[in-house]
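Position chain B against the provided structure of chain A, taking the given hints into account.
Protein chains: 2
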Amino acid sequence: MNGHGYLPVNMKKTYRYTMKANSRNRVVIEHVEPEVDAGLFPIKRIVGETVMVRADIFTDGHDSISANLLYKAPKDNTWHEVPMQFIENDRWEGTFTVEEIGNYQYKLLGWINYFRTWQRDMQKKAEANQDVSVDKLRGIQYIDAALQKAAEKDKIALLELIELLDKTSDTDKVISLVMNTDLSTLMNKYSDRLFATEYEKELGVVVDRKRAGFSAWYEIFPRSCVSQPGTSGTFKDCEHLVPEIARMGFDVLYLPPIHPIGKINRKGKNNTLSADSGDVGSPWAIGSDEGGHKAIHPSLGTMEDFEGFVGTAKRFGIEIAMDLAFQCSPDHPYIKEHPEWFKWRQDGTIHYAENPPKKYEDIVPLNFETDDWQNLWNELKSIVLFWMDKGIRIFRVDNPHTKSFAFLEWLIEEIKQGYPDVIFLAEAFTRPKVMYRLAKLGFTQSYTYFAWRNTKQELTQYIHEIMKTEVREYFRPNFWPNTPDILPEHLQYGGRPAFMIRFVLAATLSSNYGIYGPAFELGITDAIPGREEYYHSEKYEIKKWQWEQPGHLRDFIARVNKIRKTNPALQMMWNLDFFEVDNEYLLFYGRVTEDLSNILLIVVNLDPYHKQSGWVNVPIRQLGIESGQSYLVHDLLGDGKYIWQGEKNYVELDPQESPAHIFLVRKRLKRETDFDYYM
Amino acid sequence: MNGHGYLPVNMKKTYRYTMKANSRNRVVIEHVEPEVDAGLFPIKRIVGETVMVRADIFTDGHDSISANLLYKAPKDNTWHEVPMQFIENDRWEGTFTVEEIGNYQYKLLGWINYFRTWQRDMQKKAEANQDVSVDKLRGIQYIDAALQKAAEKDKIALLELIELLDKTSDTDKVISLVMNTDLSTLMNKYSDRLFATEYEKELGVVVDRKRAGFSAWYEIFPRSCVSQPGTSGTFKDCEHLVPEIARMGFDVLYLPPIHPIGKINRKGKNNTLSADSGDVGSPWAIGSDEGGHKAIHPSLGTMEDFEGFVGTAKRFGIEIAMDLAFQCSPDHPYIKEHPEWFKWRQDGTIHYAENPPKKYEDIVPLNFETDDWQNLWNELKSIVLFWMDKGIRIFRVDNPHTKSFAFLEWLIEEIKQGYPDVIFLAEAFTRPKVMYRLAKLGFTQSYTYFAWRNTKQELTQYIHEIMKTEVREYFRPNFWPNTPDILPEHLQYGGRPAFMIRFVLAATLSSNYGIYGPAFELGITDAIPGREEYYHSEKYEIKKWQWEQPGHLRDFIARVNKIRKTNPALQMMWNLDFFEVDNEYLLFYGRVTEDLSNILLIVVNLDPYHKQSGWVNVPIRQLGIESGQSYLVHDLLGDGKYIWQGEKNYVELDPQESPAHIFLVRKRLKRETDFDYYM
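Sequence order for the protein chains is A and B.
So for the first sequence, our numbering puts the first residue at 22; every next one is plus one.
So for the second sequence, our numbering puts the first residue at 22; every next one is plus one.
Everything labelled a hint here was simulated from the structure, so no lab data went into it.
Any given hint could turn out to be false.
Heads up, the list lumps identical chains together, so a pair's fine if it works in one copy or across two of them.
Said to hold, decoys possible - Listed next, the in silico DSSO-like pairs over lysine-lysine satisfying Cα-Cα at most 30 Å (straight line):
id, residue 1, residue 2
1, 231, 489
2, 632, 454
3, 146, 379
4, 586, 146
5, 284, 402
6, 41, 93
7, 454, 489
8, 315, 41
9, 477, 669
10, 688, 669
11, 586, 437
12, 437, 231
13, 170, 364
14, 379, 145
15, 176, 364
16, 586, 315
17, 146, 454
In isolation and in its complexed conformation, chain A is listed as follows:
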């Protein structure tokens, strides 16, 4: 009876063709959504969000069926059950809300509802004036079966009903007894789910804390927080910046590696091969005789200084995010302690990082294929635990796409099993399939292509892909207009307006965003000719920033972040919708809470050089605005107030003044006389 050769090995045991106990299950459950890669990976949610599950559920013949959505919270031992509703074309739907962080599970159960089938058929027969006296008896049997399992208080009701049915012969009376909703409730409660079909997979949800879905990141090199010229900045110096970073409204402060920097093959300014004595090297060339991934660069201060700094930030509502760069400088202690973790060349020299013809002489990659991989994995995990012990809960992982997928999946899973509040951001700027795989295997947030998406078409297409397709179930974007590695052309040439445009876009198109702080805030445009990279990059030298440099964006940034914090619609990822506007340079979109209590309409002029104007098309029906009714739109950015009516409304944006409107919609305006109300 066996030999079903072609079945996927891991399906065999659940497969039905053999004569198994469940061969009498007649309900089919298929095409479950969401389900990432056939259930291989979990979906992601934020505490308080809902999980809406849909599936095709049906059976042979005409019997009526029921289906439940089952789910488990992280610490639950038993399943919660939610009845699913039939939509159409054999599609069913059920929803649950995730209330705590950690790993939820969900699965589906479908069964034939014999009692409801009987109810339905009784009614149909009665309507056709057919005799139901014999059918009645079967119903009584069902009720009697339920009776055996019923709680005392329900027993009476069921018993009474049996007696009533028993002595009632008038068809209409019988039907009214049969179709009684209390009865249906009781029967749903007590009738067996004979031959119930359980969906063959248990699916997962990773539930993260609020900040995983709503965060504003600020990146800064601590060594550049210089107090006295000619010296390196310290954590103590950084502490002085915290209040201002908090005032700007950021809640994650991300630091490039803070560890000792390699001395062998150290890079000079502008990534030159030969470093001068004074050169400080790249923080990503981790490790020296002063220590490795668990040490702090001496010139930044002591471990106590670091913990003090983390504490101060915390008091200002800011979390410190650390960099996890799983690589070493040629003089990292690991190289002596664990030579087997690295690749060696035939001449006995170590194999430094390269992507021919490019060479990274100051960095040595780890060999994840080493025979000693278990110890390597555990050591790397211990680095994460070490810094978590210092109060760190957010990690930005450097170039994860050059590390083993299996290792990363294991690492994140290992950590989040014990500490589900930990956030991992994937710094992968690579091919889409690879970026998505990293998100699937566990990264909480991911860098995106946002930095290179400028036109209306580029932005809408890309955002549709990541926010409106299945990708949204596992890929949580974090928009960065710049990074220490990326100074996009439009920032180089667009002037201050370009910075404002890109900032508003990042902060309102994505609930998670970040900037490479000082260089963005101060509008630095100094690039290596013909490249999208910073000239005299902070990666290779200490910068003394001129904080008061004219034209800085500090107040603009503060204003946008304040708008984000006071408008719930900007704190969720998936409620973004693009609307029509008759100008290719204008981007028009809305963010709205489900209950319509917070409606934002955002217009951005993508052209940093010229004034652009056009007619936006407001989807008033979708926003619950009656076509006759006028409404006030309040520009939270420029503070202007406009009375709009209907769908078509005129907008005009001069990048020199403000390249964007962030309109808060107020619907209560009925007549001009009400207008004072808002003044």
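Coordinates of chain B only, in the frame set by chain A:
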């Protein structure tokens, strides 16, 4: 390290997050196509067809990778390997051809090609004038490793190369040695696939014989093949019809149930409740004191007569298809022998089939939920084996959507494991998801909604769904313009042209089609008022057909079937494409063999009442016709020949003459003078 709660149970063992031996595998394989329901079901193919497999395959970092498609024929113990080709965006593709019927398997293998990575890097470094002397040594190591496994004849070549490389220092010379293609071939042959990733599922292909993909069915009630009026037709009578059915070009002759018909609750003419003494009853009410599913209705003849009939048909190239109706009449022997296989009402009477308020008093359904289900399953299987023993290899399963899916899946699998040449046609006219499920679980062919798809939009939409989406991998359509249950409105009112239209559509839109023979061939339009059902249906009475009735379609049918048999393009299912034509009543489509050796352009006038004309848009580029070149289109139906040029060409179809063109395209025509060539 465990507790990965949310992983689907059946994934756990292949899942990577634990520290398993394969944790060093760095290549990822995902999004494999085709793959039906995550591999739960096999795809379908016909002998000689190809299976093109695509997948996303990639790894971390910059290493170059290789991937193979592995497949097994039914009797193979080892896997055949086909190298996959990179397409774009991490997508890879590989193809194999299925050459025998039975169950094939396929899976994927991906690994890092260290040697090719080395070759690539060597070249890049050389181009950048970097020193490669040390890198050269690593290459020599790779080659030496291969050498250990190489066959004698290859050993020399590899050895020589090592020596050459060893003593060559000039970079250009080294590179020319390294990039040598013979070397690459040898290395692909012998270098090990360290840490190769195997796709976690083995996927299946059910390969069927040619007729499963190309067949013309003719349905006939043997009892109506009457020789003497007032008597029932017999198998001997049927034998006389075989030559004519063969002349018309049919190759499958399908018989409704030929078993004894129940006497209890037998239906009268037009499905009336009370049968007169003379009424013969419905063949689907199977079983009486004369026997059950393994017996033959006495008035049809003996088992020998039946086998003789099957043999005669065979000699004329016709296969007999039998009906599998898993249900009983109230006096079927099973009911006494196995009362536990049926449902009983509280008053001790048997539970006949019903779909309230509809009743089918002459039919008793089997209870697939019976505790004795194993014996029930085995008995039903024995019915199939019984008739296979009489030479039957094609079964049309009656109302499979009212039988247990698990049972049908088991039955078909059981039979096809031993007899992969058996064909099962699903007679399921029900909701789409249910029809698709039946196809997935194993049916070779399926009835469709064709009978109710009439307009251009209805036809193109539906055919796109079943032939151009993933559905085509498992659902093999069989188009029927009518059945004993269905006399569509357009046949009732469209007259002879409507029959011709629907026939050409069925026979050219689908490589599998069938007709409820006499009633179609003779253009019967006599319907129950307001219904799409035959009045005085043959289901309840014996018909004496007037074969020579004027206007019969016999010759038209013969002509179309001849065209099908002489044009390979009409013998495959998936090569159908719809083309533009500027008239909503005209349907224009093409069927073309891959090598363009057989090109058919088909135009059908969907309007049976009026002449329709329009300009078709011939995709000449796709057909390999140069834009300047004229070409001859030969109407194989009306025998007209036309010289066409370019894309836009004029057609005109008068349904009274012929509602369709089936153009064979001949490209060799260059000048008018060549024209004689075709006369």
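Original post:
Among all the numbered hints in the text so far, which are the ones the structure does not match?
Top reply: Of the numbered hints given earlier, those the structure breaks are 2, 4 and 16, listed in rising order.
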